[in-house]
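Under the numbering used here, the residues of the sequence shown are numbered 1 to 63, in order.
Quick caveat, the hints were computed from the structure, so don't treat them as lab data. Being a predicted model, the structure only gives us computed values, none of them experimental. Cβ atoms here follow ideal geometry from the backbone N, Cα and C, with glycine treated the same way. A couple of the hints might just be wrong.
[Stated by the list, open to error] If you anchor each label on the Cβ, the simulated ranges turn out as follows:
#1 Ile59 x Ile37: 42 to 52 Å
#2 Asn60 x Met19: 38 to 48 Å
#3 Tyr38 x Ser18: 33 to 43 Å
#4 Ala57 x Ile37: 23 to 33 Å
#5 Met19 x Leu51: 32 to 42 Å
#6 Asn60 x Ile39: 42 to 52 Å
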Amino acid sequence: MVLIKYLKAKKGKKGKLSMLDMKELFKQTSNDGDNYIYITPTTIAMWIIGLFLIIFAAINGFF
(Lines of atoms letter the chains of each structure in order from A and count residues from 1; the text may use other names and numbers.)
(Lines give C-alpha, C1' and ligand atoms only; values in the text may rest on other atoms or scores of the structure.)
Protein backbone atom coordinates (compact mmCIF):
# COMPACT_ATOMS: atom_id res chain seq x y z
CA MET A 1 0.00 0.00 0.00
CA VAL A 2 2.81 2.40 0.83
CA LEU A 3 4.47 1.72 -2.53
CA ILE A 4 1.24 2.51 -4.41
CA LYS A 5 0.74 5.74 -2.47
CA TYR A 6 4.37 6.70 -3.13
CA LEU A 7 4.03 6.06 -6.86
CA LYS A 8 0.77 8.03 -7.08
CA ALA A 9 2.32 10.95 -5.21
CA LYS A 10 5.42 11.00 -7.44
CA LYS A 11 3.62 10.99 -10.81
CA GLY A 12 4.24 14.05 -12.91
CA LYS A 13 1.87 15.93 -15.18
CA LYS A 14 2.05 13.24 -17.85
CA GLY A 15 1.53 10.44 -15.34
CA LYS A 16 5.01 8.98 -15.72
CA LEU A 17 7.75 8.52 -13.18
CA SER A 18 11.12 10.01 -13.93
CA MET A 19 14.26 7.91 -13.84
CA LEU A 20 15.45 9.73 -10.72
CA ASP A 21 12.22 8.86 -8.92
CA MET A 22 12.73 5.18 -9.72
CA LYS A 23 16.36 5.29 -8.56
CA GLU A 24 15.27 6.95 -5.33
CA LEU A 25 12.56 4.35 -4.81
CA PHE A 26 14.95 1.40 -5.08
CA LYS A 27 17.91 3.07 -3.35
CA GLN A 28 19.38 1.05 -0.52
CA THR A 29 19.47 2.72 2.86
CA SER A 30 22.66 0.98 3.92
CA ASN A 31 25.47 -0.83 2.11
CA ASP A 32 26.95 -2.39 5.25
CA GLY A 33 25.45 -5.83 4.70
CA ASP A 34 26.40 -6.12 1.03
CA ASN A 35 29.86 -7.53 1.70
CA TYR A 36 28.81 -10.44 3.87
CA ILE A 37 26.83 -13.65 3.46
CA TYR A 38 24.91 -14.36 6.62
CA ILE A 39 24.48 -18.10 7.23
CA THR A 40 21.61 -18.66 9.61
CA PRO A 41 19.62 -21.79 10.45
CA THR A 42 16.83 -20.46 8.24
CA THR A 43 19.24 -20.08 5.32
CA ILE A 44 20.47 -23.66 5.73
CA ALA A 45 16.90 -24.96 6.00
CA MET A 46 15.87 -23.15 2.80
CA TRP A 47 18.85 -24.61 0.91
CA ILE A 48 17.99 -28.13 2.12
CA ILE A 49 14.33 -27.72 1.17
CA GLY A 50 15.30 -26.28 -2.22
CA LEU A 51 17.69 -29.12 -3.00
CA PHE A 52 15.09 -31.65 -1.88
CA LEU A 53 12.50 -30.15 -4.22
CA ILE A 54 14.94 -30.12 -7.16
CA ILE A 55 15.90 -33.76 -6.57
CA PHE A 56 12.25 -34.73 -6.09
CA ALA A 57 11.30 -33.00 -9.35
CA ALA A 58 14.18 -34.67 -11.22
CA ILE A 59 13.26 -38.14 -9.96
CA ASN A 60 9.60 -37.73 -10.86
CA GLY A 61 10.31 -36.30 -14.31
CA PHE A 62 8.90 -32.81 -13.78
CA PHE A 63 11.58 -31.23 -15.95
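Here is what the structure says about each hint:
no. : hint                      : in the structure
1   : Ile59 x Ile37: 42 to 52 Å : 30 Å, violated
2   : Asn60 x Met19: 38 to 48 Å : 46 Å, holds
3   : Tyr38 x Ser18: 33 to 43 Å : 35 Å, holds
4   : Ala57 x Ile37: 23 to 33 Å : 26 Å, holds
5   : Met19 x Leu51: 32 to 42 Å : 40 Å, holds
6   : Asn60 x Ile39: 42 to 52 Å : 30 Å, violated
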